[in-house]
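Protein chains: 2
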Amino acid sequence: MPGELKTAERPGAEVELGPSAYMAMAMVRDGINTGYRIKQMLERVASFFWSASYGQIYPELRKLEAAGLLAGREVTESGRLRREYSLTAAGEKRLRTWLAEPAEPSLWLRNEGLLRLMLVDWEDRELARKNLRELRRMSADRLEAVGALVPPRERGRRIQALGVRLLEETVRWCDETDAALGPPDEA
Amino acid sequence: MPGELKTAERPGAEVELGPSAYMAMAMVRDGINTGYRIKQMLERVASFFWSASYGQIYPELRKLEAAGLLAGREVTESGRLRREYSLTAAGEKRLRTWLAEPAEPSLWLRNEGLLRLMLVDWEDRELARKNLRELRRMSADRLEAVGALVPPRERGRRIQALGVRLLEETVRWCDETDAALGPPDEA
DNA sequence: TAATTCATGTAAAAGGTTACATGATTAA
DNA sequence: TTAATCATGTAACCTTTTACATGAATTA
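From first to last, the protein sequence lines are chains A and B. Mapping of the first sequence onto the working numbering: position 131 corresponds to residue 131, and the numbering continues sequentially without gaps. Mapping of the second sequence onto the working numbering: position 35 corresponds to residue 35, and the numbering continues sequentially without gaps.
I should point out that these hints are in silico values taken from the structure, not numbers from a laboratory. Careful: at least some of the hints might be erroneous.
As the list makes no split between identical chains, a pair holds if one copy fits it or if it spans any two.
As a list, the in silico DSS-like pairs of lysine-lysine whose alpha-carbon atoms are at most 30 Å apart [claimed, not checked]:
| hint | residue 1 | residue 2 |
| --- | --- | --- |
| 1 | Lys63 | Lys39 |
| 2 | Lys39 | Lys93 |
| 3 | Lys93 | Lys63 |
| 4 | Lys130 | Lys39 |
| 5 | Lys130 | Lys93 |
Put together the whole structure using the sequences plus the hints.
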């Protein structure tokens, strides 16, 4: 149809939201109410299963505000300007619905370290080992970061525990695989 | 500079390649030499750490061919037309370099199931449980698929083992968390 | 005084998916 | 005959990143 309007253009109609939008709303609901703080929080507690850049977060918050799901206001504290958001009733409703609907959650993984490891010729032991150690290093770094957290609530501690386990398992696998690769070419 | 040419426009110059391009080249090197087969292979063996759609793979192969890194030819077998690729000397060189360079490998994770779980209010036990079970179901499905593989080479078996372990760990965590959530609200 | 942190944002580009279109072959 | 598998591709769209720009406050 030529005169058809997209959802976003139909005034008053619901805007379509992706997981990142709901993430932002839930963060705001929990008191993490600025773009900057949302980013910090993600980096700290969610790095092993979620991420977002400022370039995504800030426009997302603005969009949510324009849609009436978040309310933003400017706050100046000790000379510092920031934009604080709160969840509107409409936003809360929207968020609750999404959290309750049993839609198939997307799973989207890209681990370049593992990809490399799959692609290298393992006959070339030293090359395989090099890529393996890089993967180990990255996993160990992440493990350290995730393990250092002290989440205030049970929920956070549980999720942290999963991250720790998955990362530990990866590090262990790297070590075992390294050992299985045999001694260095010239020992 | 106004008259400056981008890398891709400078004739004979190297095209910039992302991990997906190297993935394709390595697959072709290993005899997985059509777009269709690359996709199948990824789905089967790499689903827990890598994925790509046809909409990405086919143009990527064409691009690589145009850059002289892959050579493609049309093959008709029992009436079926397909495009088979082989790795050129230039492609092999490029791939080897990438595999050997110690660039920080990217890590890109988005597990919506876990995100939901982080965002739901755990006070609402039933809602938390619902999301938890959905995550468990997805992980168990994937575990089954990955576990069913019988990779021909040691390399593949090793990587499979990692997938199995990570997925098993996730399923176990789901069960433990479910139990920790306590008995159903009305038992 | 210099570097880091707090804080927000934009524009352009990259990277990727979805939906669609096509058509032959093979298995049920 | 119908459904599934094999097989390739495009166009529109969307999400997300990167790089940049700005500036005040705080810490070293």
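Status of the hints after comparison with the structure:
In this homomeric assembly, Lys63 and Lys39 come within 30 Å of each other (Cα to Cα) only inside a single copy, at 17 Å, whereas the closest approach across copies is 36 Å. Only within a single protomer do Lys39 and Lys93 lie at most 30 Å apart by alpha-carbon distance; the minimum there is 24 Å, versus 40 Å between protomers. In this assembly of identical chains, Lys93 and Lys63 lie within 30 Å of each other by CA distance solely inside one copy; the values are 17 Å within and 46 Å between copies. Only between protomers do Lys130 and Lys39 lie at most 30 Å apart by alpha-carbon distance; the minimum there is 27 Å, versus 32 Å within a single protomer.
Taking the shortest alpha-carbon separations for Lys130 and Lys93, only the inter-copy value of 18 Å comes in at or below 30 Å, while the best intra-copy value is 50 Å.
Checked against the numbered hints listed earlier, the structure breaks none of them; every hint is satisfied.
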